[in-house]
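Chains as they are written, first to last, in our numbering: chain U, 27 to 367; chain C, 27 to 367; chain G, 27 to 367; chain L, 27 to 367.
These are computed hints drawn from the structure, not numbers from a lab.
Even for Gly, the Cβ is constructed at its ideal location relative to N, Cα and C.
Check the hints yourself; a few may be wrong.
[Stated by the list, open to error] Label-pair restraints from in silico Cβ distances: (1) PHE304(C) x THR247(L): 44 to 50 Å; (2) GLY301(L) x THR318(G): 49 to 55 Å; (3) ARG248(C) x ALA244(U): 38 to 44 Å; (4) ARG248(C) x ASP328(G): 30 to 36 Å.
[Said to hold, decoys possible] Here chain C is said to cover these stretches of chain G; the calculated rule only asks that three of the stretch's residues, wherever they fall, bring their Cβ under 8 Å from a Cβ of chain C: (5) 79 to 88; (6) 176 to 183; (7) 211 to 222; (8) 228 to 239; (9) 259 to 273.
Number of protein chains: 4
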Amino acid sequence: MIRLNCDYLEGCHPAVLRALCDTNLEQNPGYGLDPHCENAARLIRETFACPDAAVHFLVGGTQANTTIISAALRPWEGVLCAETGHINVHETGAIEASGHKVLALPGREGKITAEQVAEAVRLQGDDEHVVRPGMVYVSMSTEVGTLYSLRELGALHDTCRELGLLLFVDGARLGYALAAPGCDMTPAQLAEHCDVFTVGGTKVGALFGEAVVIRCPALATRFRYAIKQRGGMLAKGRLLGIQFEALMENGLYFDIAGRAVRQALRIRDAFIDQGIPFTCPSPTNQQFPILTDAQAEALGRDFVLERQGRVDAGHVAMRVCTSWATTDEMVERFIGAVRAL
Amino acid sequence: MIRLNCDYLEGCHPAVLRALCDTNLEQNPGYGLDPHCENAARLIRETFACPDAAVHFLVGGTQANTTIISAALRPWEGVLCAETGHINVHETGAIEASGHKVLALPGREGKITAEQVAEAVRLQGDDEHVVRPGMVYVSMSTEVGTLYSLRELGALHDTCRELGLLLFVDGARLGYALAAPGCDMTPAQLAEHCDVFTVGGTKVGALFGEAVVIRCPALATRFRYAIKQRGGMLAKGRLLGIQFEALMENGLYFDIAGRAVRQALRIRDAFIDQGIPFTCPSPTNQQFPILTDAQAEALGRDFVLERQGRVDAGHVAMRVCTSWATTDEMVERFIGAVRAL
Amino acid sequence: MIRLNCDYLEGCHPAVLRALCDTNLEQNPGYGLDPHCENAARLIRETFACPDAAVHFLVGGTQANTTIISAALRPWEGVLCAETGHINVHETGAIEASGHKVLALPGREGKITAEQVAEAVRLQGDDEHVVRPGMVYVSMSTEVGTLYSLRELGALHDTCRELGLLLFVDGARLGYALAAPGCDMTPAQLAEHCDVFTVGGTKVGALFGEAVVIRCPALATRFRYAIKQRGGMLAKGRLLGIQFEALMENGLYFDIAGRAVRQALRIRDAFIDQGIPFTCPSPTNQQFPILTDAQAEALGRDFVLERQGRVDAGHVAMRVCTSWATTDEMVERFIGAVRAL
Amino acid sequence: MIRLNCDYLEGCHPAVLRALCDTNLEQNPGYGLDPHCENAARLIRETFACPDAAVHFLVGGTQANTTIISAALRPWEGVLCAETGHINVHETGAIEASGHKVLALPGREGKITAEQVAEAVRLQGDDEHVVRPGMVYVSMSTEVGTLYSLRELGALHDTCRELGLLLFVDGARLGYALAAPGCDMTPAQLAEHCDVFTVGGTKVGALFGEAVVIRCPALATRFRYAIKQRGGMLAKGRLLGIQFEALMENGLYFDIAGRAVRQALRIRDAFIDQGIPFTCPSPTNQQFPILTDAQAEALGRDFVLERQGRVDAGHVAMRVCTSWATTDEMVERFIGAVRAL
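Just need the whole structure built from these sequences, with the hints factored in.
This is how it looks when you write it as structure tokens:
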């Protein structure tokens, strides 16, 4: 069986593993105060052209999201996001457990607009009986594989600034977004058009790890307290620094992401050739074809895909994912199977 | 100006005020451990025919809702309710501040169904990445003035029992619901078909106060700790006991509610006579006519109503409320104004 | 039996009751936005000579404390207080339930010093593994009946300002403190030497109610959201305004408190005459004599006192309280009983 | 400079690193549902002779502590522990951020007794104004290096069972405790005398990771929800399984811990030979000598130790730690330096 169901099936990219092995016996201070974290933070600031940003390294995405959002909001504030947003549906209410309401807006292809944000703020009307929007959360790429354009993100950022909200970009799959041929923004432009974002390592070559990049000085203040309190301060913080050093050095992060996206687009084209539709068009490493039950069964003989849910009596939506670890051989065998449907 | 915008405009029913005056110099133990609270609890158990229920008295509705829900749920559980549910829209995220997600379902006329609850549980699928529904919250009467029928409430209760959820009926306006001519259930039947409910005093003749009636023994255990921790334990708890004694003695609670509903239905009929539509049909003390801007302006000259929101370019939805304190003269003057539209 | 065990045994002062009766049928907007609350706030600003302070009215003390503290602190900050502080021992962990650690310091006669605060901050050392002190909580009068002097409070305030902490004075018994013959500060001086304080009504003549006076502009921002979210926004907020109007008009608040303190000091002197010691010297309305078991039993025949705890094999500490409702006759009968020991 | 300041200075034991490298390209399901986690759980159940226990793997200690404690307690319950307990002093109020008070008891050499627990419960007296103790937290070895004896732990467990509390053993350094020559209990006996414990990997040979072993069925129910909500569910959960497999296979965990303890005791003896006292006697891998300022400065030339705090004007307490990574050469050079003092 070949697994193509998600992008965290294997360990880490060989270059990351090598770096971990090479440094294993080094003695380093704990809690992210080591030279590797310092160097990785420098590389991230350079890559995203934000020399004044604070950079912290956390282990996982839910942890990063909860830490950022609960540190940013006043007790009565909530976070606006698309109904499909990861924080709204797949984090077991972690944001609410930190005391804040997730204010879900109907999305289009996993995205929300500046107009929706402005309307939500207008409707709340500074009425103290209603949760006040304090932050906007978007994912890049989104949970359904789509991308914000530079214009869309810029409009969101302008609106947020105008209305006094912070804009947070969840970059669990940021590499796959920025390396996608269809993406129209650079890393620097992404960073410029939000207040805080994450650079996901777990799904893009690392064993684990999300870098948190904070451009808003007020949010950066005493953020290490927030990390520690939320259980996100890794004793051997070096492990995060070492991995992000390896990924950011010479653009490895975007190289491996770009390769995975190209593989995913080959798979997409094979589905298209078969006349198979998608839940929505995705230009990134996640593809969501709508299969007949017979097609799903046929592919399921040799491949593990992720079931998204039933579409109608005879059809089911599936997820196919590529990653740094997907080999060309896997892709070719899968495409062969698609063609045989 | 005559205010008809809500049902908590005046102090309390004269009989309640008299009881407070008569007992003012009595010495009583604090924190609800006095004979008045004991007697009021007995009267409520009798009225609702639930001799084994635990009865507690809290000051306000948001407080009661948060205390009940946070005492009932495990940390990863959420509460299902209609999108229009008070806990979802008008409590500044109090439930989320206690750590729990409000799982909003699209309502019909402010109500949700047993089928929707069953479907929500099925969709969650005991997947630990998704908040688990642990309780169902309904309001009686609802936030838009409607009523659950005995069959609807019974179906919700059966489904909840089957799926291991608790059913909570927010009775902030329970009097107006049970005393409405259109209501098909008795107080005893209401109590029988849920696990916990409140009997609202604030809007039905008291200065303040909500009685919490708990039929589920597990939820009743150490509930006084929950009240104290959430700031709901009134030092002079006697004030709650004295008020509910006055209201429950000889059915005063339902008498004054019934009278207010009859007044509201007269107002409703006046609107109907003018061909004025409603956001939804309400058989209780709150009426929600859809007025033209000109009509709203005309009525606004002598009466304060509550604006609910714009319906379209030329129309606005308003709330008209009656209460124990609404006089027949007010009603007649208002009906006169409606007829003059 | 005559109860002298606490200062919330009766309803409210006759003047307060009269005001409630007189205004009962008035129609007023809800949630504290009525003219009575506005007027009461004005009277409090005048009484405490703080024209720019924000004044809000909440129902109870635990509610007020939790709302203030959780609105003031960042998530990783805690509140310093004496080990005997009400928030540390008698609020069922309400502060912790809002997410914040109570940082208890050993008190002397229920009080903490500026030096202790400075030392606590020094020891924390801005180490992100340790809760950061963000606020200091003191009670006036304290839980054991003692008073801060103007010099002590001023030193605390100076130290707080220097170190970036807020100073919060819990005034659940503020009347009894400021009206005590032994108090060396005026209401204006109290207000001047802290950032936020409460004026307790529950124990000083009201049915219920605590006024929150906020001098720190950052804490005042959107405080009504905090009140609503924590369940402290009374629908008929007028009830709080009306009561505080009655208490603040013509200094009634301090008159009734002063009278109660004088009664308590007569009781104190009776104990002293009998050679009975106290847990600590109290110049206010609460007295804490240490009785032999035989003495406690003798007094217990006609009077209810509050047992504080066993001191040694043969002695027990008790609390005797006076209030606005304590009559001279009660005091004389009690003194008679003490003399008969 | 040789670092001896803590036990998480290096990466991981070579056997652990080898296992990670060997399995790197395996495809595994995420979130701890892989065969490695299953096998590691089996090995832990065998090692601790608790065949019915639930075993989960989390990344870090603060995360594990918060997840366990907040899943175990009702909202109004707190956790008893020694004043020096990690949860009380070094986790930035993480337990309080989850809503629960840490009820600190004065410890003796970092330990609390069954008698103290019983007395705390007696004092609380099921009074709903006071936080109810719901769990006891002890560390093994403690934060100051000491050990509970089998009799002490058994007495705590008996008392907890009798009073309805859960007993939680924080085993961040469990290896060093159980492998210490002075320890009088087996792994099976440790497991038998508590309701839940952790097996620390971070400080005993792993890159990171704490195994949570739950013997109490009620606490085990839906514990994976708690892990996910608190941000502790590692996407590539396999990494935890693989590491604990390597550590538990053939007793490696206890071998490397035992060796480190023997090294620490050699260092202890060198201090004793110099007449240098300790803050308390430690039979494990952490030693806490009290040095003169001159001694601290002399050792500080070649070695990094951890400063614990000033003891008096001329003395300072320091921590010296060994771990799986401490070489005999480091120990000999350090002993040489101690002898030269």
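Hints and how they fare:
no.	hint	in the structure
1	PHE304(C) x THR247(L): 44 to 50 Å	47 Å, holds
2	GLY301(L) x THR318(G): 49 to 55 Å	53 Å, holds
3	ARG248(C) x ALA244(U): 38 to 44 Å	41 Å, holds
4	ARG248(C) x ASP328(G): 30 to 36 Å	35 Å, holds
5	79 to 88	holds (count 4)
6	176 to 183	violated (count 0)
7	211 to 222	violated (count 0)
8	228 to 239	holds (count 4)
9	259 to 273	holds (count 6)
Hints 6, 7 from the list above are not met by this structure, while the remaining hints are.
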